[in-house]
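Visitor: Letter by letter, the chains look like this.
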Amino acid sequence: MSTAAQDLRQSPLRDRHTAAGAKLVPFAGWEMPVQYEGVRAEHVNVRATAGMFDVSHMGEVRTSGPQAEDLLQRLLSNDLSKLAEDGAQYSVLCNEDGGVLDDLFTYRLDDGAFLTVTNASNHERDRDWMAGHAEGFEATVEDAAARYAMLAVQGPMARGAVEAITGGALPKRMRTATLEVAGGETLVCGTGYTGEDGVELLMPPAHAVAVWDALLAEGVKPAGLGARDTLRLEACFHLYGNDLSVERNPIEAGLGWICKLDTQFIGSEALEGVEPEQTLVPFAFTGPGIPRQGNAVSTAAGPGEVTSGTLSPCLNTGVGLAYVPKGAAEPGTAIEVDVRGKPRAAVVRERPLYAKQPARPAAHDPDSPPKKES
Amino acid sequence: MAETYPEDLKYHPEHDWTRIEGEEATFGITWYAQDALGEVVFYDPPAVGATVSKDQPYTEVESVKAVSDVFAPLSGEITAVNDKLSDSPELINSDPYGDGWLVKVKLSDTAELESLLDVNAYKGLLSS
Chain A
1 MSTAAQDLRQ SPLRDRHTAA GAKLVPFAGW EMPVQYEGVR AEHVNVRATA GMFDVSHMGE
61 VRTSGPQAED LLQRLLSNDL SKLAEDGAQY SVLCNEDGGV LDDLFTYRLD DGAFLTVTNA
121 SNHERDRDWM AGHAEGFEAT VEDAAARYAM LAVQGPMARG AVEAITGGAL PKRMRTATLE
181 VAGGETLVCG TGYTGEDGVE LLMPPAHAVA VWDALLAEGV KPAGLGARDT LRLEACFHLY
241 GNDLSVERNP IEAGLGWICK LDTQFIGSEA LEGVEPEQTL VPFAFTGPGI PRQGNAVSTA
301 AGPGEVTSGT LSPCLNTGVG LAYVPKGAAE PGTAIEVDVR GKPRAAVVRE RPLYAKQPAR
361 PAAHDPDSPP KKES
Chain B
1 MAETYPEDLK YHPEHDWTRI EGEEATFGIT WYAQDALGEV VFYDPPAVGA TVSKDQPYTE
61 VESVKAVSDV FAPLSGEITA VNDKLSDSPE LINSDPYGDG WLVKVKLSDT AELESLLDVN
121 AYKGLLSS
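Which chain is which? The protein sequence lines are A and B, in order.
Residue 374 is where the first sequence ends in this note's numbering, and the numbering goes up by one at each step.
Residue 128 is where the second sequence ends in this note's numbering, and the numbering goes up by one at each step.
Simulated from the structure, these hints should not be mistaken for lab results.
Each residue gets a CB set at the ideal place from its N, CA and C atoms; glycine is no exception.
It is possible that some hints are incorrect.
DSS-like cross-link-like pairs, simulated, lysine-lysine; straight-line CA separation at most 27 Å [said to hold, decoys possible]:
1) B:Lys-84 / B:Lys-54
2) B:Lys-104 / A:Lys-342
3) A:Lys-342 / B:Lys-54
4) B:Lys-106 / A:Lys-342
5) B:Lys-106 / B:Lys-84
6) B:Lys-106 / B:Lys-54
7) A:Lys-221 / A:Lys-23
8) A:Lys-82 / A:Lys-260
9) A:Lys-172 / A:Lys-260
10) B:Lys-84 / B:Lys-104
11) A:Lys-23 / A:Lys-82
12) B:Lys-84 / A:Lys-342
13) B:Lys-123 / A:Lys-23
14) A:Lys-356 / A:Lys-172
15) A:Lys-326 / A:Lys-260
Quick list of the computed label-pair ranges, beta carbon to beta carbon [stated by the list, open to error]:
16) B:Asp-69 / A:Thr-317: 22 to 30 Å
17) A:Lys-356 / B:Asp-69: 32 to 40 Å
18) A:Arg-351 / B:Val-67: 33 to 41 Å
19) B:Val-67 / A:Ala-164: 48 to 56 Å
20) A:Pro-331 / B:Ser-86: 25 to 33 Å
21) B:Glu-112 / A:Ala-217: 54 to 62 Å
22) A:Glu-275 / B:Glu-112: 53 to 61 Å
Chain A is nowhere near these chain B residues, computed Cβ spacing over 12 Å in every case [stated by the list, open to error]:
23) Asp-8
24) Glu-21
25) Thr-26
26) Trp-31
27) Ala-36
28) Gly-38
29) Tyr-43
30) Asp-44
31) Val-48
32) Lys-54
33) Ala-66
34) Lys-84
Please construct the entire structure, taking both the sequences and the accompanying hints into account.
Guide: So this is what it looks like as structure tokens:
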């Protein structure tokens, strides 16, 4: 065990995790905290107050130069020309067949360069793919992973806590700003992957401990990768390796909205006119049991497969994402999941499975005027 | 609860314990097993009357993240299951040797007992 652990890459926050009682596990070549006090408690805490996730295992690729945008327009599925200055954009990276190599956020930085955040397990492949397609473009693709530690601060009280240690106003949702956080320059991004409000912080690894300690002092509790997974699943966000793979295209994964085929990104030709037989849907169990990745699904329209499953800490029932035939994709459709030999009843649901609660003070304040629905 | 391994129990290397009373035995998982698994959120008991075989999985416990097989330390037939766990699977974490027991089994071969570990041997396994 100890020899294998030595080969794993360590976050600059490792000692802080140990001090907080983390259970550290190997994850995509890193040793990362999967939980502290417990997945369920950490999950609920993020929904109710604020939690922070060390996601320093995630990679970064920096693309710069006069034709950086043209190169990324060729590589990424979304329309880079719509990415505002200091903006954030979600997209997928596809191969020529339209198979998904990764799903990623790209930030347009104030120096004109772009920073693309990769999944740890795909980082080297993404970097090599991006650099390998840079020929003919006046653009430089750099591996910037070693320059950043990354913290996701999420939950209804996350922004307030980060604001308290930051000089300057936080960026809005899907915007970024370079700000002084806990005394050091930090790229603050109005993004996250939990379905809650919050920010993601990218800072030099040497500054990560200062930010962590300052957030702890503001009452933000650590949350592990276990809770990050259950939170993203309740929000119906995709996880690469589960819901996305080279075997699946973004259209069947329900990511057609980030695929702007007219930008002619690599893979767009293969996706032109694609009418997938299956589509990714959220579902919830109507009785006992917990669905898991790989469970077979039966529907009136044919078979399917679970790609993510868990017990939802907020709904207290088994939930998941599954590829099902188009004819069984309508919310309300009854389906059955084979959980290791036990048939479990489920129903296709609308996304998200769990929606962020509206801000409470206004709703509960008897003196405030009735809210106008827009 | 704190890490404990009662002296009156016998242990299986797959982190199961058994309490022997004549030809009947109670099975459960050890403190180490429940700690490694994390908070147990789902447990679907096996059927009374089902046969269990030593070293073979006979049921599963589930945390939010994972499913774990539970191995039978001895062979026999299930005579009772802990129904309380369907509603309160967290008892497996809070009281693994008491209210968190899993099944009672009528043993088919008491000679198998000799292969189990006593508390010191099991603790030795954990620290190796």
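Visitor: Check the structure against each numbered hint from earlier and tell me which ones fail, lowest number first.
Guide: 11, 18, 19, 27, 28, 29, 30, 33
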